[in-house]
Each structure stands twice: as structure tokens, then as C-alpha cells.
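Chemist: Residue numbers (the working numbering), protein chains in the order written: chain F, 1 to 112; chain H, 1001 to 1398.
Hints were generated in silico from the structure; no laboratory data involved. Only a predicted model underlies this, so the values are computations on that prediction, with no experimental measurement involved. Hints may contain errors.
[As the list claims (entries may be wrong)] Here are some, though not all, of the chain H residues that point toward chain F, as calculated from beta-carbon distances under 8 Å:
| # | residue |
| --- | --- |
| 1 | ALA1113 |
| 2 | THR1160 |
| 3 | ILE1162 |
| 4 | ALA1169 |
| 5 | GLY1238 |
| 6 | ALA1269 |
| 7 | GLY1271 |
Beta carbons are placed, not taken as given, at the ideal position from N, Cα and C, and that holds for glycine.
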Amino acid sequence: MQYAMMFYAEPGYAEALPEAEREAVLAEFAALADDARCVTAAQLQPAETATCVRVAGGRTLMTDGPFADTKEVLGGFCLVEAANLDEVLELAARVPVTRYGAVVEVRPVVAR
Amino acid sequence: MLEEVFRDEWGRVLASLVGFLGDFDKAEEAAQEAFAIAAERWPEAGEPANPGAWLVTTARNRAIDRIRRERTLAEKVHLLPVPEAAMDVMDEFDDSVIKDERLELIFTCCHPALPLEGQVALTLRALGGLETAEIARAFLVSEETMKRRLSRVKAKIKATGIPFAVPAAHLLPDRLDAVLAVLYLIYNEGYSGRVDLGAEAIRLGRVLAALMPDEPEAHGLLALMMIHHARRRARFSGEDLVLLEDQDRSLWDHAQIAAGRSVLDRAVALGGRGAYVIQAAIASLQTAEPIDWPQVAELYRRLAELTGSAVVELNHAVALAQAGDPAAALRTVDGLDLDGYLYFHSTRGELLRRLGRDDEARVAYRRALELATSTPERRFLTRRLEQLSASPDPTTAP
């Protein structure tokens, strides 16, 4: 089964870390991306770079900023292939951002 | 009679079918079919030597028939494919050994990825064999609501791929905690006296303790529930709540207390020092005569250390007072941040009364009365307030 792990963290948490620790976190992310179970992974640019697009009455409306106005924003995601939910939950608990108060949302992907 | 056999066998039969079919709804359907056939045949043909194996075999055969029919239909109309998995195991199936898969079932039902109320409902339905209507009654919701709750939770198990498995050793402590919490929640729901969920929780606790014979906390929880349950008839007098010290001990179920204590002994022998074992030990001490309050206080202190709970600290204070030190008890209570909690104020009231500080005691009891919602509680507090005004001598010991 495929699952998406979505990382929600407070913006700027990484910048606040001492450099050595930040590098260690990045290395952990790289290791996660290299895990055989990881189909694809991406880190997103900060939420300030987001643009929301809506279409109403044939017109495209664009607004600045992320969709939801919350403290934690989507900072990255990882698509994994796993045998069952427990396997993904274990991976999720090891995602480095969880040590800095971030949340990992795990959701199964609709099979095609 | 037959109903009893069914109740006892349901969890085992369903577990085996979920393991076999990998689907709660299909398993339930097949199990129900098998139980219906049994209800029809057993009264005449007699109960089979191994009712559980008979039920599982019959249910599996029915499920296989159904899958065959669906497959034939699918082939005819070139519809959706029917899963192969269930068919393949069929030939290897030997009905003399039916593996007990109830532990897998428990861990699936109590998976922390499921909403808590869903875990509770599914555990009662799948493992306990309660009807949806019964569970609905127990939780004061409509049958329709309970039905939806159960289908949502089963759908989540399926959609998210929650495994039908006992968690790996390194995950087991946390996952076992979740299971114990669900059983204790069921037990505490029974406290309010609707459907006898207390007895149901004990039945489930017994199953869990038997399936995990080396887990002290499983035995600890079972012992705790048994000893509490043994006092249920003495807990109310009419509608009034009766405090432990005022309970009529002849109403206690002494056989159940003894049974609970031997379960507790087992937990302690296994090296149990966890929260449920400690609570069971406290419950056990509280049924002794006289009660060893210093020991109770010590156990509450350890429990407070383990749980970090202010409510447990409050109980610790009560035990200190009972052990003869109301001043120390009051110091502990005054350090707690529990202003919105009824028992915080009623305990303070009681301690102040014992220390002869009647005016302050009245204030505390009044505050407790403001927070009381149930009639028995209000009546109890009102009586306390009346006693305070009536007795000019504050030194009356309990």
C-alpha cells in the first residue's frame, strides 16, 4: 500500500537550530528520501512562497499565502510504500521534525 | 444456554474469520450465518464436541461459498476481480486446529489510529459479542448512531491498512497501554449503572489476561476491576452515594474480592509495579478490615509519581488524613491546581472540618455544591453542610 506522510511544522524551526543540528536534521531527511520504501519525497519552500488558486465564474483568482491559516504549515511530504499502517507509523515517528514539535500526518493513498 | 455458548465463542470465531478473510464486515456476516445455522441445528442434533471449531468451520465454508458465487458472477459479467487470497488458503484449512486469534483482534480494535469511541464500540462488538443495539443503549446513543460509528471505524481499519497482528515487541508496551485504557473505559462506563458494562469489561479483561499470561498490567487491570465490581451493591443506598467507610460490607461480593486478590498476587509475582497493579493493590487494601491507611497513602504516592496526576495527589492526601495526619493532607491539597474539580473542594471541606476550621469548611463545601451535577452528590454535600451548622463541636472524629 502507498501512504503519504505530510510534515506540518512551525515556520522557521530549522533556521532556529544550531548549524550542526540543522545539518544532522537535513542528513536524516536525506536518509529518509533514500529509504527503499520511499517512492518520492520533497521539502517545500516556506509558506510565504505559496499562492492559492481558485476558479470562480470562469475567472482565475489568486491569493497570496497558504490555504489554511494555522501555526503549523505543510513543510514537506514523502510518499512511501509499506505493508501496513504500523510500518508507516514507525517511519513517521522517526521523521526528524517530530523532535521539534511538528506533526506528521499519515494518510493512505487511493489505489489506482 | 445456547446464548451463553454463543457469547463465549463469538470473539474467537470472529477473530479467526477476520484473520482468514481480512475484512471485518465479511467476517461478521459469515459468523452471523454460522451462529444462525447452529441455533437451528444444535437443539436437535446436539451441541458438537468442539462448538468453536464447528462454528469457525461452518462460517469459513459459508464465506468461501459466497466468494465463489461472487467470483462466478464476476466472471460471467466481467466485473470487478474478486480477491484470490481467501480462496488459496481454503485447501490448507484443517478444522482440528483453530488458532486463537483474539489477541490480534484486540490489538486491531484498540489501534490508536482509531477514534477512542470507535475503539470502545468495536471492542464490545467484535470481541465481546454485544449487539449494536446493546452498545447503543450503554452509551445512550441511538442504534443508528452506533451503527454508523462501527462502520466508520471498520472502514478506517480497511482503508488505512491497520494490520491484524500483535504489535512487535518494541511497540508492545505502548499498544498494550491503549488496550488496557479501552477496557478500563468500558468498565468505568458501567459504573453509571446502565447495561452491565462492568461485568463485560471483566470478561474481556479475563480474556486478555489469559492471552497475555506474563503481562502484569493485564492482571493488574483485571484485579482492579474485579475488586471494585465486588463492592458495587454497597456503593449506593437507594439513590445516595455511600462512601467506602460507610458501606455495608455484607453487601460486598467476598468471593469476587478473593478472586481479585489472587489475580493481583499473580500480577505482583510477575514483578508488576505499574499503574493498574498499584490501583488494584489500593483497592485490595481498602477492602481489608481495618484498612492500612499508611500503606494506602504510600501506594497513592507512588501512583502519583507514575502518573503525575493531580487527582491521584488528591487521593494521596485523603489517605494521609485517614492515616491520622489531616494537616499534612491539607498542605498537599492546597498545593494542587484543581479549582474546577468537585472532589477537590469536598476533600478540602472535609479536612478543614476535621481540623476544626468550620467556617472555611463551609466555604469549601459550598463551592463543591456549586460544582455538583448529580442529585446524589448534591444531597451528600447538603447533608455535610447541615451537619456542620448543627454541630458546634468541631472535634468530632470520623
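Chemist: Against this structure, judge whether each hint is valid.
Modeler: Going through the hints against the structure:
At its closest, the beta carbon of ALA1113 of chain H sits 6 Å from a beta carbon of chain F; the interface hint therefore holds under the 8 Å criterion. Interface hint at THR1160 of chain H: satisfied, since its Cβ lies 5 Å from the closest Cβ of chain F, which is below the 8 Å cut-off. Nearest Cβ of chain F to the Cβ of ILE1162 of chain H: about 5 Å, under the 8 Å cut. The hint holds. Restraint check, ALA1169 of chain H versus chain F: the minimum CB separation of about 13 Å is more than 8 Å; hint violated.
Look at GLY1238 of chain H: its Cβ only gets to about 50 Å from chain F, farther than 8 Å, so that hint breaks. A distance limit of 8 Å between C-beta atoms decides the matter here; for ALA1269 of chain H the minimum to chain F is near 32 Å, and the interface restraint is violated. The beta carbon of GLY1271 of chain H comes no nearer than 28 Å to any beta carbon in chain F, farther than 8 Å, and the hint placing it at the interface is violated.
Hints 4, 5, 6 and 7, counting from the list given before, are not met by this structure.
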